[in-house]
Each structure stands twice: as C-alpha cells, then as structure tokens.
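Quick note, the sequences are listed as chains A and B, same order.
Yeah, the first sequence ends on 373 if you go by UniProt numbering, and it's all consecutive.
Yeah, the second sequence ends on 373 if you go by UniProt numbering, and it's all consecutive.
Because the hints were derived from the structure by calculation, they are not lab data.
From a predicted model like this one, the values you see are computed outputs, not experimental measurements.
Any given hint might turn out to be false.
[Said to hold, decoys possible] Derived DSS-like pairs (lysine-lysine); straight-line CA-CA distance at most 25 Å:
#: 1; chain 1: B; residue 1: Lys210; chain 2: B; residue 2: Lys76
#: 2; chain 1: B; residue 1: Lys265; chain 2: A; residue 2: Lys76
#: 3; chain 1: B; residue 1: Lys265; chain 2: B; residue 2: Lys114
#: 4; chain 1: B; residue 1: Lys76; chain 2: A; residue 2: Lys249
#: 5; chain 1: B; residue 1: Lys249; chain 2: A; residue 2: Lys249
#: 6; chain 1: B; residue 1: Lys76; chain 2: A; residue 2: Lys265
[Unchecked claim] If you want the ones that stay clear, here's a sample from chain B, every Cβ over 10 Å from chain A, calculated:
#: 7; residue: Glu65
#: 8; residue: Gln134
#: 9; residue: Ala223
Positions of the beta carbon are idealized from the N, C-alpha and C atoms, including for glycine.
Number of protein chains: 2
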Amino acid sequence: MTLQLRSLLKSTGDLEISLVDAPAAEPQADEVVVRVDATPINPSDLGLLLALADPTSFQAAGTPERPVALARVPEKVVPGLKARWDQSLPVGNEGAGTVVRAGSSPQAQALLGKAVAMAGGSMYAQERLIRADQCMVIPAGCMARDAASWYVNPMTALSMTETMRREGHTALVHTAAASNLGQMLNRICLKDGIGLVNIVRRAEQAELLKSQGAQHVINTSDADFMAQLTDALAETGATIAFDAIGGGKLPGQILTCMEAAINRKAQGYSRYGSEVHKQVYLYGNLDRMPTEIARNVGMAWGVAGWLLTPFLQRIGREDTQRLKQRVMDELTTTFKSGYTQEVTLAGALDPKAIATYGKAATGEKYLIRPNGV
Amino acid sequence: MTLQLRSLLKSTGDLEISLVDAPAAEPQADEVVVRVDATPINPSDLGLLLALADPTSFQAAGTPERPVALARVPEKVVPGLKARWDQSLPVGNEGAGTVVRAGSSPQAQALLGKAVAMAGGSMYAQERLIRADQCMVIPAGCMARDAASWYVNPMTALSMTETMRREGHTALVHTAAASNLGQMLNRICLKDGIGLVNIVRRAEQAELLKSQGAQHVINTSDADFMAQLTDALAETGATIAFDAIGGGKLPGQILTCMEAAINRKAQGYSRYGSEVHKQVYLYGNLDRMPTEIARNVGMAWGVAGWLLTPFLQRIGREDTQRLKQRVMDELTTTFKSGYTQEVTLAGALDPKAIATYGKAATGEKYLIRPNGV
Numbered sequence: 001m002t003l004q005l006r007s008l009l010k011s012t013g014d015l016e017i018s019l020v021d022a023p024a025a026e027p028q029a030d031e032v033v034v035r036v037d038a039t040p041i042n043p044s045d046l047g048l049l050l051a052l053a054d055p056t057s058f059q060a061a062g063t064p065e066r067p068v069a070l071a072r073v074p075e076k077v078v079p080g081l082k083a084r085w086d087q088s089l090p091v092g093n094e095g096a097g098t099v100v101r102a103g104s105s106p107q108a109q110a111l112l113g114k115a116v117a118m119a120g121g122s123m124y125a126q127e128r129l130i131r132a133d134q135c136m137v138i139p140a141g142c143m144a145r146d147a148a149s150w151y152v153n154p155m156t157a158l159s160m161t162e163t164m165r166r167e168g169h170t171a172l173v174h175t176a177a178a179s180n181l182g183q184m185l186n187r188i189c190l191k192d193g194i195g196l197v198n199i200v201r202r203a204e205q206a207e208l209l210k211s212q213g214a215q216h217v218i219n220t221s222d223a224d225f226m227a228q229l230t231d232a233l234a235e236t237g238a239t240i241a242f243d244a245i246g247g248g249k250l251p252g253q254i255l256t257c258m259e260a261a262i263n264r265k266a267q268g269y270s271r272y273g274s275e276v277h278k279q280v281y282l283y284g285n286l287d288r289m290p291t292e293i294a295r296n297v298g299m300a301w302g303v304a305g306w307l308l309t310p311f312l313q314r315i316g317r318e319d320t321q322r323l324k325q326r327v328m329d330e331l332t333t334t335f336k337s338g339y340t341q342e343v344t345l346a347g348a349l350d351p352k353a354i355a356t357y358g359k360a361a362t363g364e365k366y367l368i369r370p371n372g373v
Numbered sequence: 001m002t003l004q005l006r007s008l009l010k011s012t013g014d015l016e017i018s019l020v021d022a023p024a025a026e027p028q029a030d031e032v033v034v035r036v037d038a039t040p041i042n043p044s045d046l047g048l049l050l051a052l053a054d055p056t057s058f059q060a061a062g063t064p065e066r067p068v069a070l071a072r073v074p075e076k077v078v079p080g081l082k083a084r085w086d087q088s089l090p091v092g093n094e095g096a097g098t099v100v101r102a103g104s105s106p107q108a109q110a111l112l113g114k115a116v117a118m119a120g121g122s123m124y125a126q127e128r129l130i131r132a133d134q135c136m137v138i139p140a141g142c143m144a145r146d147a148a149s150w151y152v153n154p155m156t157a158l159s160m161t162e163t164m165r166r167e168g169h170t171a172l173v174h175t176a177a178a179s180n181l182g183q184m185l186n187r188i189c190l191k192d193g194i195g196l197v198n199i200v201r202r203a204e205q206a207e208l209l210k211s212q213g214a215q216h217v218i219n220t221s222d223a224d225f226m227a228q229l230t231d232a233l234a235e236t237g238a239t240i241a242f243d244a245i246g247g248g249k250l251p252g253q254i255l256t257c258m259e260a261a262i263n264r265k266a267q268g269y270s271r272y273g274s275e276v277h278k279q280v281y282l283y284g285n286l287d288r289m290p291t292e293i294a295r296n297v298g299m300a301w302g303v304a305g306w307l308l309t310p311f312l313q314r315i316g317r318e319d320t321q322r323l324k325q326r327v328m329d330e331l332t333t334t335f336k337s338g339y340t341q342e343v344t345l346a347g348a349l350d351p352k353a354i355a356t357y358g359k360a361a362t363g364e365k366y367l368i369r370p371n372g373v
C-alpha cells in the first residue's frame with residue numbers, strides 16, 4: 001500500500017483534504033512505477049487542492065499518521081464547482097523520483113533505478129504509475145529536489161519565448177515579473193539575447209529583477225509608468241505580452257503603449273491605427289475583475305487566454321520534447337528553483353502550512369517529500 | 001480635366017471638403033482609366049471624409065459649381081489626426097464605372113468599354129486610374145448602380161463566414177445585425193446553410209431580420225437576453241462572433257454565454273473551463289468605451305480587432321479572387337444594396353446631405369453619381 005493525497009469537495013461545501021492508502025500499482029509493459037521523492041506545491045496546484053477555500057480557515061482532524069484538513073468552501077462558489085462534487089481527487093502537477101518497478105518493454109526496463117522527472121497530475125503520492133515515454137531522465141549530478149519543479153514554471157517560461165518566435169515577434173513583455181516564473185523568464189531572455197520588458201508593482205520587486213541583470217523593469221506604482229513603458233517598448237520592439245494578472249486595466253494599457261511606441265516611427269496617416277499586430281496573452285487569474293481594453297489600440301491587436309498544455313499540443317511531440325530536453329540540460333542554472341520549506345505528505349495538511357503556501361506569495365514555496373524528508 | 005472630391009484638415013482644426021480639378025490621367029500599359037458612374041458613401045468612408053467633425057455643423061462656401069463644405073473638428077481630436085494635417089486627401093472606398101481609356105497591354109485593352117467594379121480609395125471622382133487586374137468585370141445585365149457597393153459590405157460579410165470556416169467554427173454570431181451588412185450576412189448564411197445568431201438592440205430590428213428569414217434573433221433590450229443568447233448558442237454551436245460595436249460589455253457577454261452553452265454538454269471537472277476555443281472579432285467602433293471581458297469565460301478564448309484588408313492579404317490572391325467572383329455572380333441577389341438618395345459630387349458637399357448621411361443610420365444610404373445622376 002502507498003499513500004496518496006486527496007482533495008474532496010462535498011455538495012454541502014465541506015472540503016476534506018486527506019491521505020488515503022492505495023494498492024501498489026503493477027506496471028504494464030510500457031509503464032514504470034516511480035517512487036516520488038520531491039513534488040512542489042505550485043500556485044497552479046492550489047485550485048484543485050483548496051477548491052477556493054480560504055487558506056487560513058483550515059481545521060486539523062484525523063490522526064498524526066492519517067491527518068485530515070477540513071474547511072468550508074464559500075457558498076457562492078460551490079455551485080460553480082459542481083463538476084467535482086463528491087469526487088476524491090488526486091493532486092500535484094509535477095515531481096521527480098526514482099523508478100522502482102518497470103514493465104517488460106525495453107524502454108521501461110531501461111529506466112529501472114533511474115532518477116526521472118514527471119508531469120501530469122497525481123504527484124502528491126508515495127508512488128506514481130506513468131508511461132515510460134513520459135519520463136524525462138534527470139542528468140547525472142542532479143537530485144530529485146533539483147528536478148521536482150522542472151515542468152510548470154520552466155516549460156511555461158520557455159513556451160512564452162517559443163510563442164513569441166512562432167508568432168513573429170522579437171521581444172516580449174511580462175507582468176508579475178518578479179515571480180519565480182518571471183525570474184526564470186528573465187534568465188532565459190538574458191541567455192538567449194531576447195528583449196524583455198518586466199512589469200512589477202513594487203520598488204523592491206524592481207530592485208530584485210535589476211540585481212538579476214534585467215534591463216527593462218517598469219513599476220506600475222510610478223506615476224509616469226505608461227510613459228516609461230512606452231519608452232521600453234520602443235527600445236525593445238516588444239509586440240507580445242504575457243500577463244499573469246488577467247483582470248483590470250493592465251492588459252489594455254500594454255496594448256495602448258505598444259500602439260503608441262509603434263506610431264512613433266509611423267509614416268503617414270492610417271485611420272485604423274498601425275498595421276503591426278499587438279498581442280497580449282492572459283495566462284493567470286490573479287485579478288478576477290473584468291479585463292478592460294481601451295479603444296486607442298488600433299485594429300491590429302488581440303487578447304486571449306493562454307495555457308501551457310494546449311500550446312504544447314499545438315506545437316506537437318517533437319518540439320515539445322526539444323523544450324523538455326532544454327529544461328533538463330539547464331536544471332541547475334536557467335531553470336533552478338528554490339524552496340522555503342520541505343514537508344511530508346502529512347505536513348502538507350497542517351493548517352499552518354496551508355495558511356502559508358495557500359497565499360501563493362512570491363518567494364514562499366513548499367516542497368513535498370512523500371517518502372520522507 | 002476631371003473633378004475629384006478632397007478632404008483637407010488643417011492643423012488649426014479647420015476642415016474643408018472641396019472639389020478640385022485634376023489633369024486627365026494617361027494609363028500605363030497595364031492600367032485603365034474608369035469613368036466613375038456610381039460610388040456609395042459608406043460608414044467606413046466617413047472617418048476620412050469628415051475627420052470626426054460633427055456632421056450637423058457644416059457650412060456651405062464656394063460656388064454652385066465648385067462648392068466647399070466647412071466645419072471645425074473638435075479640438076480634443078485634432079492632435080490625434082496629426083498624420084493627415086494639411087494634406088488634401090481623396091476619398092471613396094469603392095465604386096463602379098466604364099473603362100474609357102486603356103493601356104497597351106492585352107489585359108487592359110480587353111477592358112475597353114466594359115463596365116467594371118473597383119475598390120481601393122479615391123473613388124469620389126469623375127475618373128479613376130487603376131490597374132487592369134484590379135478591375136472586376138460586371139456581369140451582363142447589371143448596372144454600375146448595382147455594382148457600386150460590391151466590395152466593402154459584401155466582401156466583409158463573405159470574409160466573416162470564410163474566417164469562421166478557416167478557424168474551425170461551424171456557426172457564428174453577429175452584432176448590430178440589422179445593418180445593411182448584417183442583412184447581407186443573413187442572406188449568405190441562409191443560402192449556405194450556416195447557423196447565424198443575430199444580436200440587435202430594438203424590437204423593430206428583430207422583426208426586420210425575422211421577416212427576412214433569420215432564425216435566431218436576440219434583442220439585448222430583453223431582460224433575459226443572456227439566457228436567450230445562451231440557448232441560441234447551444235442550438236447553433238456558434239463559437240465565433242463578429243462585433244461591430246467594439247466597446248462595452250457585449251463582446252464579453254457573448255464569450256460568457258458561449259462558455260455556458262458549451263459547458264451544458266461538459267463531462268467532468270476542468271479548472272480551466274472548456275477546451276473549446278471561443279473567439280470574438282471586433283470589426284467596428286460604434287462604441288468608443290473600453291471593451292470589458294468578464295473572467296468567467298475559461299482560458300480558451302480570444303478577442304481581437306478584425307479588418308477586411310489584412311484578412312484578404314493573409315488568405316492570398318487566389319482565395320480573394322474566388323470571394324470577389326462570388327460577389328459578382330450574386331450582385332443582384334445575395335449582395336444587393338439599396339440607396340435612399342443619389343447625388344452629384346457637388347451634392348455630396350451640401351450641408352443638409354452631410355447631416356443626413358453623416359449619421360450612418362441603418363436604412364439611410366447615399367450614392368454619388370460623379371458624372372451626373
């Protein structure tokens with residue numbers, strides 16, 4: 001038997017996070033079983049884990065070995081989560097570990113005893129059954145800890161520059177740019193010589209990014225931030241942006257400043273605005289207010305939702321594999337992640353831990369060690 | 001010498017619409033000169049013609065043969081029009097006429113004496129020099145009057161269904177659907193068997209479209225219009241919309257209802273919303289307020305500006321020609337246009353006429369006859 005973390009939302013609005021005993025899986029020919037050594041708690045795990053419950057509202061129940069964390073989900077959001085009512089759902093987007101059992105295929109057998117990185121859900125568990133061809137072998141010299149966060153942030157950041165190139169842009173804008181993801185994107189752009197305009201909300205975030213070599217950092221708290229942003233856009237030529245915030249005026253302001261930057265070089269009159277396509281992708285939902293686009297952006301613009309998984313499906317298996325391999329090759333440099341706490345599966349259910357990692361604050365990141373710290 | 005209509009905005013904010021004498025053009029080998037017999041005043045001509053001046057504020061000047069129309073452009077919009085200051089600009093997006101002189105190439109000579117349709121600006125004139133391969137020969141039995149509005153509305157409406165197919169959708173939504181363009185789109189969709197959800201603002205507009213065979217007409221003035229819209233979207237499966245209004249909440253409301261219609265059939269829980277891509281294209285600017293997108297639309301969505309010319313450039317010459325030929329083939333049926341007034345070039349400068357056509361009201365359309373009515 002192996003332990004799995006589960007999140008269960010009842011139709012009554014009661015949320016129960018618990019550990020269940022699952023039978024040890026036997027791999028099919030092309031499958032392996034991985035002992036999960038390290039798996040992070042990302043902001044993108046919190047929706048499934050906490051079901052929009054207030055992270056500070058959890059109560060402990062159960063026993064020390066089989067703890068349970070209980071909370072009430074706000075009544076107004078319970079109906080919107082109907083599709084998950086009364087289902088005990090596994091959690092955890094990514095992780096790394098050691099292959100302990102392997103199916104009969106040569107590809108599966110070749111992985112036996114190897115350290116591998118994985119993605120695809122159900123990682124908050126002592127063991128994860130997975131197809132052999134979905135495992136990435138961790139380079140010699142790297143620990144499971146180094147590879148645990150190999151997918152969500154690294155592949156998202158790398159896919160942003162990949163999207164930029166595929167859609168014909170040469171530089172990009174990123175908001176909430178001091179996040180772990182933002183710092184990683186800054187390292188990619190510095191390494192690859194890509195112009196990056198970092199947008200942050202506070203002076204200390206700007207300092208952090210500048211200390212890491214960022215050339216263009218705009219603070220939305222500055223009174224003249226629109227003018228600063230337009231200057232940075234004119235200097236870099238950035239015409240695509242990735243926005244983590246989603247709601248409010250910022251996506252529209254970025255388009256407005258892009259159009260103004262382009263029109264500085266415009267020749268002649270065009271009643272439809274510039275012909276250069278300007279694109280903002282919203283990949284996060286930090287602000288749930290409506291997104292507002294002012295109408296001074298011309299006609300050549302787009303705003304759209306953006307998610308990693310559909311993007312990788314569009315570019316196909318071969319290009320996806322190329323991006324994954326680059327992450328493996330630069331695990332401890334470009335794609336390095338840091339953690340503030342390491343906990344067991346039981347430790348992840350401690351109400352005090354939930355209150356801390358549930359804030360999804362930059363610089364505060366938990367790593368689960370399902371088989372002991 | 002031939003007469004041309006010109007619009008001149010001075011840096012002082014003074015706008016002068018006048019008629020100028022231009023020397024008769026001599027065609028190069030691959031060019032022809034067309035006597036313009038009929039050219040419409042479209043809403044899309046008004047920006048260039050009136051430079052955002054109040055249509056009811058024009059004063060007559062000049063002589064009866066060379067009239068001038070004068071107005072003041074509002075001070076706050078003059079700086080935004082700097083790129084056109086002090087330039088005497090020709091006007092008129094589309095028209096039809098007779099080839100009166102032709103260059104030496106066989107293609108140009110073959111057009112001599114033929115009735116042709118044209119697009120590309122500078123149509124408010126007695127003669128238009130144009131490349132022979134840009135002329136569409138008008139079918140026998142059609143008048144210049146039938147072909148004058150062959151491009152802007154017909155090609156836009158046809159390009160909407162073409163965009164729908166190319167981007168993988170099977171039905172579409174149109175707002176301001178009782179417009180001349182909207183009625184034309186309704187005829188295309190009825191003929192081609194395409195599901196169309198028409199959105200209007202008033203009951204009489206709904207009646208007009210229903211009298212023309214429209215099956216789905218939603219009135220935004222109805223209290224339950226979101227519920228009605230969701231039903232119509234579920235019935236038609238429409239996941240793309242073309243919106244003429246641009247600003248305000250309607251583009252976002254369409255996305256919200258599309259997501260709700262899709263989720264009626266959803267199986268299982270997805271924290272990112274449906275995987276079906278929902279798209280709204282804004283092709284007009286009837287409302288200059290910011291566009292607002294609520295955040296209950298999942299992640300698979302996009303909003304973007306849309307213009308006919310860049311679309312035709314993207315699809316290329318051959319497909320563009322196919323669309324143009326379909327318009328020619330159905331000039332007096334699917335793509336029929338009506339006019340409420342016919343005027344000379346001088347008549348188009350009459351302040352009373354400007355006050356009428358300047359409103360761009362549905363059902364009120366002027367046709368210019370540059371060589372006499």
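Quick rundown of the hints versus the structure:
1. Lys210/B to Lys76/B: 42 Å, violated
2. Lys265/B to Lys76/A: 22 Å, holds
3. Lys265/B to Lys114/B: Roughly 56 Å between the alpha carbons, so the hint for Lys265/B and Lys114/B is violated.
4. Lys76/B to Lys249/A: OK: Lys76/B and Lys249/A at ~23 Å, within 25 Å.
5. Lys249/B to Lys249/A: 14 Å, holds
6. Lys76/B to Lys265/A: 23 Å, holds
7. Glu65: Given that every Cβ of chain A is farther than 10 Å from that of Glu65/B, nearest at about 29 Å, it holds.
8. Gln134: 20 Å, holds
9. Ala223: 21 Å, holds
The structure is inconsistent with the numbered hints 1 and 3, although it conforms to all the rest.
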